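Residue numbers (this note's numbering), protein chains in the order written: chain A, 1 to 138; chain B, 1 to 138; chain C, 1 to 138.
Wrong hints could be hidden among the right ones.
Note that the list lumps identical chains together, so a pair holds whenever it fits in one copy or between two copies.
With a cut-off of at most 30 Å between alpha-carbon atoms, the simulated BS3-like pairs for lysine-lysine come out as follows [stated by the list, open to error]:
id : residue 1 : residue 2
1  : Lys108    : Lys64
2  : Lys81     : Lys63
3  : Lys64     : Lys81
I should point out that these hints are in silico values taken from the structure, not numbers from a laboratory. Note that the structure is predicted; figures quoted are calculated from it, not measured.
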Amino acid sequence: MPSLTTIAINTRGDYDFIDITAEVSQRLDGQAFQEGVVTVFITGSTAGLVLMEFEPGLIQDLKKALQRVAPVETYYAHNAKWGDGNGHSHVSASILGQSLAIPFSSGKLLLGTWQQIVLVDFDNRPRQRQIYVKIIQG
Amino acid sequence: MPSLTTIAINTRGDYDFIDITAEVSQRLDGQAFQEGVVTVFITGSTAGLVLMEFEPGLIQDLKKALQRVAPVETYYAHNAKWGDGNGHSHVSASILGQSLAIPFSSGKLLLGTWQQIVLVDFDNRPRQRQIYVKIIQG
Amino acid sequence: MPSLTTIAINTRGDYDFIDITAEVSQRLDGQAFQEGVVTVFITGSTAGLVLMEFEPGLIQDLKKALQRVAPVETYYAHNAKWGDGNGHSHVSASILGQSLAIPFSSGKLLLGTWQQIVLVDFDNRPRQRQIYVKIIQG
């Protein structure tokens with residue numbers, strides 16, 4: 001597999017949390033990639049990437065925490081101007097972040113047992129998302 | 001151009017949002033850099049880097065959201081001790097983050113159309129900022 | 001020293017802030033590592049990594065700001081289900097982030113004077129933490 005690949009994912013939007021750990025890990029399988037860093041990057045400005053224990057309770061808890069920072073029901077200048085209704089999605093994505101750098105060794109990501117790579121789609125409608133996985137050896 | 005360069009930017013401080021996408025992209029122009037990862041890093045502890053749609057409404061919205069986390073007008077132990085008055089600047093910068101890893105291919109950053117690289121200066125006075133752009137090929 | 005090493009740290013938990021800048025920098029000492037990027041990554045899902053001025057006032061201020069997002073005393077579905085009592089720890093760690101990419105040159109991290117690499121252990125008990133430091137030259 002080449003060192004740069006993409007993962008395409010159809011989301012439901014509206015705080016959709018999707019565990020992509022297995023798909024990212026696969027990019028290291030059966031490779032000459034022994035040691036290095038994987039950069040996971042999501043394009044777009046209304047979805048983010050996060051490391052977390054992928055567990056239904058925490059999904060609900062993280063969603064609620066982000067809504068303290070970016071409530072759905074409040075004034076957004078973005079919405080006033082563009083009428084998209086997804087001001088909270090943009091702000092949440094920017095705060096969560098859209099890029100992760102994860103080291104690997106012996107072809108395995110050095111994640112903890114309860115530490116998954118999770119895509120969160122904040123947009124207010126289903127989206128097709130593209131994630132880049134870039135492997136740097138060294 | 002060498003693989004490590006700097007971008008110097010004079011800001012106005014006070015939540016100054018500056019789009020640096022074009023300047024970062026230029027570092028890949030006319031290069032032998034075909035594929036790899038660009039690390040964008042800002043020094044200092046009162047400014048951050050974020051990926052966002054660079055649009056006046058969202059600038060206002062993100063500022064407001066960060067002020068829910070780090071209000072300007074509240075008690076900061078940092079201010080009480082040092083009298084700098086920029087406790088909110090430090091906290092906002094730490095939460096937003098100061099480093100981004102972005103993959104590139106064919107000499108182009110793999111950003112979405114509405115996804116810009118933005119410097120946010122939270123300090124309470126104008127600053128000269130230094131940003132490192134480091135290109136790793138692979 | 002090899003390009004991938006670990007730092008083991010015993011924390012007290014409960015918002016324990018520990019400056020690991022010197023330990024990360026040491027990994028570049030006396031090396032052939034001239035220029036590149038260091039990825040600092042913490043395993044687990046209840047601790048984070050942040051860049052900040054390591055100063056007692058700001059430690060208190062950042063803690064308070066994160067508690068606006070993830071208060072200790074509120075309902076967490078994670079706690080309701082698992083009884084761990086550390087729902088706020090998970091959420092805080094996810095928001096702060098667990099991976100940093102920092103460029104270096106001439107064997108030195110390109111940090112600002114008031115910009116330290118800080119481990120924050122949010123868990124509600126002492127933990128032994130493992131941090132990976134991976135050096136990529138280029």
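Outcome of the hint check:
{"no.": "1", "hint": "Lys108 with Lys64", "verdict": "neither (32 Å within a copy, 36 Å between copies)"}
{"no.": "2", "hint": "Lys81 with Lys63", "verdict": "both (26 Å within a copy, 17 Å between copies)"}
{"no.": "3", "hint": "Lys64 with Lys81", "verdict": "both (26 Å within a copy, 16 Å between copies)"}
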